[in-house]
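**Q** Next come the chains, spelled out residue by residue.
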Amino acid sequence: MTRFGGGALGRVIRSGVGRRRVQTVVIAVATMMAVASAVVAGSLVVAANAPFDHAFAKQQGAHLTAQFDPAKASAAQLKATREQTGVTASAGPYPSTTIQPEDSEGRRMPKLTLVGRSDPKADVDDLDLRSGRWATKTGEIVLSESFAGPAFELGSTLRTSDTEGSSTLTVVGLALSVSKTADAWATPAQTRALASADNPLTSQMLYRFDSAGTDKQITDGRKTLAAAVPSGALLGSQSYLDTKRAADQGAAPTIPFLIAFGVLGIVMSVIIVGSVTSGAVGSSLRRIGILKAIGFTPREVVRAYVAQALIPAAVGIALGVVLGNLLAVPLLDDTEQAYGTASLTVAWWVDIVVPVAALVVVGAAALVPALRAGRLRTVEAIAVGRAPRTGRGQWAHRAAGRLPLPRAVTYGLASPFAHPVRTVAMLLAVAFGTIAATFAVGLTASLTAVGEAQDPEDRAAVTVFAGGPGPQPVEVEPGASAEGNSEAPPADPARIRAAVEAQESTASYYATTQEEDVSVAGVTGSVAISLYEGDSRPGNYEMITGHWIDGTGQVVVASGFLERTGTKVGDTVRVTHQGDTRTLRIVGEAFDTEDDGMRLHAGMANFPKAEPRTFLVEVKSGVSPADYAEKLAEVVRPLGGDAMANSPSEQDNFALILQSMAALLTLMLVSVAGLGVLNSVVIDTRERVHDLGVCKALGMSPRQTVGLVLASVAGIGVLGGLIGVPAGFALHSIVLPVMGHAAGTDLPPSVLDVYVPWQLVLLGLAGIAIAMLGALLPAGWAAKARTAVALRTE
Amino acid sequence: MTQVIQLEGVAKRYDSVGTPALGPLTLSVEKGEALAVTGPSGSGKSTLLNLVAGLDKPTEGTVSVGGRRLNDLSEHALARFRREQIGMVFQFFNLLDDLTVADNIQLPAQLTGTARRKTAARADELMEVLGIQKHARAYPGRLSGGERQRVAVARALVNRPALLLADEPTGALDTASGQDVRELLVDLHRGGQTIVLVTHDLALAEACASRTIHLVDGHLALDTRAEAVR
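Same order as they appear, the protein sequences are chains A and B.
Take 1 as the starting number for the first sequence in the numbering used here and just add one per residue.
Take 1 as the starting number for the second sequence in the numbering used here and just add one per residue.
Simulated from the structure, these hints should not be mistaken for laboratory data.
Computed from a prediction, not measured in an experiment: that's the story for all the values here.
In this text, a Cβ means the ideal position worked out from N, Cα and C, and glycines have one as well.
Certain hints may be false.
Stated by the list, open to error - Only some residues are given here: those of chain B computed to face chain A with a beta carbon under 10 Å:
| id | residue |
| --- | --- |
| 1 | 53 |
| 2 | 56 |
| 3 | 76 |
| 4 | 79 |
| 5 | 81 |
| 6 | 82 |
| 7 | 84 |
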């Protein structure tokens, strides 16, 4: 240590931090936003990594959910099964039955598996009680969180069946079982009380095995358990691998999206933190020269300047971690909903790795210019520090001076060339911000297009049902039986058709029916088919390849069908419907994700036994669909039918979640980009304050000064836009097909080609907007700076 | 004769307590006059120059230049005033190092929006007169101190200002270069240019100025007129 000792060094550091308050604040804020964005991005990337597996592990999920006959296996026998080879943990037996409740409006829900548990906590399937409390007495029920919605909130009531004397249960909680061991839970006594001859009582056991990675291992475990109880006692079982496959398929589309945003956020954070820090140290060369002139050693100079960068950065990093955790809460909540998994939180190691990495980046970014400054001869440091006297960018000033633009503007346009590294960092910040904005706009448009492409029947003005009262919207648990949906004896389609045709205001209509029990040669099990009568083009699905059905002998299939059957457009398939077998030619690949992409679409004329169940009607111009439907309903209700006007289809929850996540992430990344620009311009303006003072002394007006500073980032904004828009476009065209593929479908042009030229131009201007917004504040400061003071500034 | 500068009871304080840095001072400068402002450091010379240039505003009194009260002008109007009425020469030249000599000289004219051809012609004319034509495409960093100050003078004159303000124009120059600049200022004064020259150099004041004021602690201590400029 020299004669300056720690005290002098400390004073230099403190004064350096305090003297440049604006820059200190900007470093702290930019670092804070960058670290916050890195925490959020890191958390999303972590959340995207095997979300089901993490949630399953957290809940000690059940590898096998088994239902036993209590008449054949006693509770003691079932408890003893945990001693079987390979079983590492078990829970149960829990009484279990099936109910088909009605809500308070009388709408029937699908059949629910009700399990009697006195506690959500268990060694296996440790449930997450997401809201409310656990059922502790008769008359209370806890529903699976997937049923949450306006119809079923805490405090709602439901009747256990539509029969007289059925019990009324109050929803007291909403819970989540990652293993999907039940749809609802009540006390064991309540569950036993609800069992009946039609819905007998069973005993549910939940098991974890030491080896459960493959279907064979689960099957082996099941066999062991079956052998351990009396013959016929094991009624059925469910492997977690099936649940995992379904969950992974549901989560898969979000993973590329989250990784794209996460990587963008992390890369951008590194760039911003690095450029902010190195810029701050690099702009202090003159002060470094003075310190050396009065006796500081190069090492002390380096320590002083690395510390000066680390102090505001450390404050920013600490605040950034807090902000990142706060921002991550709603995003992870959205992710949970998208994944349907248990509570996602910011991984503890993200809160450690991100700040440590940020400190390393700050330290490294500060060290390089500080070492350079430390090595500079004192005279050089003082001389270099007066202004950017490197000679760089003089050619740019010569070239810009020839442009037919105001001199203040051309002067500003050439300025970035004096600091190429700082300019590149600023350019990358703007480009990344533009990439994020472009990608988010494209993603939002694509998700909207996906929403519009689904349920094409909703495009019709009025839907007329031939199957009794119109179906009420009921949330159906994925995989749950739809048998419970309200079904009345079907009306005579011919009379319904006649009623539709008799309406003066009918412009056109087509009819359709959905059949679930169709077999296709080469496909195991039954597949669903939509059959159409009349001109069904108004209700066609978006086509990925080929065309919509326009005659008999044709079938349109979804991507999943082509993939699973190894067929392609132009091939033929043998389809059997109610004993009638037809060979149909595949004429198109439709964007249809229903029924796992296995649904077929064909003309009703191919299958004489098929009858229309729904009529989709277009009304004449000027006619209110609601009035039309009301009038028609009066005619068809006595026939057993119903009519209702369609409201524009709402976007599904999943799309809305992704859209809100994209908006929030984009806002964050664009803010970080703007702060990066702000910091660079603050440094640049500080360095140029003397030159700006000279210009103002020569007659440059405040407006021209603002123009000069803004022009100094305009080129960067334009270039950032030119880089960012195609890169965002490319990212969209890479990520979307991956998302589609993960969801088991190809995507039609309407989903992929979502950008329109004017939109791309506007997005290109977003680069300029980011740069301008970032520069606006320092431009204002430069314009307001007192000229006499600026002229004295060295 | 026409008064170019009129100061009425002008005072400037940089803080609310203590004595003012300048004034109260009443002073007028007539057209064609070359006024040298001398005095020790901290006497208020640069403050006076800043007030006349419209770079600073007085705490008390009024400053009028070319018949315009500067106190009332907005920042934008002051900028226009400076570019149209004032030419400034600084001790350390204050040339923009990333612009060529020709571009530096043209800059004030370009800020007024003067046509490029006219601006270039005026810059050529000044470079010719000041003997720096051969450096037109050079950058200031490659010139000697005297050459840089000639560039600064050319830049100050490009808009044909009514008033040339020079703040220690020879202060950073060697003897020979200082002599060059001194002769340049004498020539300009002879040509009818109104000049306000702030200097420590009494020889420069004697050589260039038709009138000299001496400031001490912000107050006018002496006001003398030379019989003729040598």
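**Q** A separate judgement is required for each hint: does it hold in the structure or not?
**A** So, going through the hints one by one against the coordinates:
Interface hint status for residue 53/B: upheld, as the beta-carbon distance to the closest one in chain A is roughly 7 Å, under 10 Å. For residue 56/B, the interface hint holds, since its Cβ comes within 10 Å of a Cβ in chain A; the closest pair sits about 5 Å apart. Below 10 Å, beta-carbon pairs count as interface contacts, and residue 76/B has one with chain A at about 5 Å; its hint therefore holds. Taken as an interface hint, residue 79/B checks out: its beta carbon lies about 4 Å from the nearest beta carbon of chain A, inside 10 Å.
Interface restraint check: residue 81/B against chain A, minimum CB-CB distance 8 Å, threshold 10 Å, status holds. Of the supplied interface hints, the one on residue 82/B holds, with its beta-carbon coming within about 4 Å of a beta-carbon of chain A, less than 10 Å. Interface restraint check for residue 84/B: the shortest CB-CB distance to chain A comes to about 7 Å, inside 10 Å, so the restraint holds.
Comparing the model with each numbered hint stated earlier shows that all of them hold.
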